[in-house]
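Both chains come to you apart, so use the hints to assemble them.
Protein sequences appear in the order of chains A and B.
Counting along the first sequence from 1, when you hit position 113 you're at 282 in our numbering, and nothing is skipped either side.
Counting along the second sequence from 1, when you hit position 39 you're at 89 in our numbering, and nothing is skipped either side.
Calculated directly from the structure, the hints in this document are not laboratory data.
Just so you know, not all the hints are guaranteed correct.
Simulated pairs of lysine to aspartate or glutamate, EDC-like, Cα-Cα distance not exceeding 20 Å [what the hints assert, rightly or not]:
(1) K88/B to D228/A
(2) K240/A to E184/A
(3) K88/B to D196/A
(4) K94/B to D228/A
(5) K94/B to E174/A
(6) K206/A to D228/A
Chain by chain, the residues:
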Amino acid sequence: GENVEQHPSTLSVQEGDSAVIKCTYSDSASNYFPWYKQELGKRPQLIIDIRSNVGEKKDQRIAVTLNKTAKHFSLHITETQPEDSAVYFCAASADGNFGNEKLTFGTGTRLTIIP
Amino acid sequence: DAMVIQNPRYQVTQFGKPVTLSCSQTLNHNVMYWYQQKSSQAPKLLFHYYDKDFNNEADTPDNFQSRRPNTSFCFLDIRSPGLGDAAMYLCATSRITGGANTEAFFGQGTRLTVV
Numbered sequence: 170g171e172n173v174e175q176h177p178s179t180l181s182v183q184e185g186d187s188a189v190i191k192c193t194y195s196d197s198a199s200n201y202f203p204w205y206k207q208e209l210g211k212r213p214q215l216i217i218d219i220r221s222n223v224g225e226k227k228d229q230r231i232a233v234t235l236n237k238t239a240k241h242f243s244l245h246i247t248e249t250q251p252e253d254s255a256v257y258f259c260a261a262s263a264d265g266n267f268g269n270e271k272l273t274f275g276t277g278t279r280l281t282i283i284p
Numbered sequence: 051d052a053m054v055i056q057n058p059r060y061q062v063t064q065f066g067k068p069v070t071l072s073c074s075q076t077l078n079h080n081v082m083y084w085y086q087q088k089s090s091q092a093p094k095l096l097f098h099y100y101d102k103d104f105n106n107e108a109d110t111p112d113n114f115q116s117r118r119p120n121t122s123f124c125f126l127d128i129r130s131p132g133l134g135d136a137a138m139y140l141c142a143t144s145r146i147t148g149g150a151n152t153e154a155f156f157g158q159g160t161r162l163t164v165v
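Just chain B, same shape as in the assembly (with noise of 0.2 Å):
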């Protein structure tokens, strides 16, 4: 069953057109993170959750917006989308217990196009 859905998987927007993408979580975990991940390149953080805590990476473009209305759900807005944030974006989740960080499960991602 999946645990972390990433809606849509394929997006195309145009150039400007402001877009959001979506993740659930059936996990109940406390931390949310948002990536993009261009071809062949590692997972760039962009922002994360830790609860209703809100962390903004210092070179997250401010173009880039993130919401969180409850444990469940996040959401990702990009205002005015240009040809470099064509990407694949991944949502992941984990659990802090105790304070230590555990397993990251990761959503299947959505492939945004931007034309």
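Chain A with its partners taken away, still in its complex shape (with noise of 0.2 Å):
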């Protein structure tokens, strides 16, 4: 089945400035990829996702990109602001058949904006 890593586990960063968050996967069929952003006490709420035949994709400051060979894809978010402090999961799925549509998460990451 498909195994996904993230890295780091914790993450710091100033007011403003960029942080990255990085995936891996194992299931070569994988081919959707979300990111997910959970506040404490609340429920993971999807911020960005990128399909396989694309190689990166951005929504104002956050972007996500892909390497398909590879097996990795990583979160980008730019001009951070305090209230982007929360976890963050990747997760990856494949196409519906056999039960590879599951959607397995990463370890997640859990990001605190220093002001």
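See below:
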């Protein structure tokens, strides 16, 4: 089955600086890679996702890059703000067949923005 | 409007006493997931349904069962809760369209306490 590793587990960044979180996956069939943000005591919420047919996707201060050959993808947050402080999870899934459609999460990164 | 609704939000059960957690969705999604999330850890997939097809994770204890009587509802049954089963249980849904998975929406979760 799919195995998703995520680094670093904790990250502290000065407000205004950039933050980068990296994930690797094991299943070459995976083709959908979402990133979730979870604030304390709340549900995970999607912030950006990417499919394997593109290498990069951007949404304002957030971007995700994907290297399918190397099986890794990264989240980039620029001009960080205090409200970016949360736990971020990467995830991976494949097409819907034989159970591969399941969403497997990485281990999470606790991001702290220092004012 | 809440799209994935979990009940109850908080559940206290006695050691060994069966408990059922419920999840309903208004999104008409064909995939429903149950995750277990312990403090400061990633959501751990217990099982998921793709339509009526049930997929059990290999390391999900036999103590955990699930039912999906229709598209909208899914239940998690814990037959004999132990202290180690205390956690947040998250239900999520997604839609597979043309074989491709899409954003997963999470419920607010049920925090289970075992006494």
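Hint check:
no., hint, result
1, K88/B to D228/A, "violated, 30 Å"
2, K240/A to E184/A, "violated, 30 Å"
3, K88/B to D196/A, "violated, 25 Å"
4, K94/B to D228/A, "violated, 28 Å"
5, K94/B to E174/A, "holds, 13 Å"
6, K206/A to D228/A, "holds, 15 Å"
Violated hints, listed in ascending order, are 1, 2, 3 and 4; each of the other numbered hints is respected by the structure.
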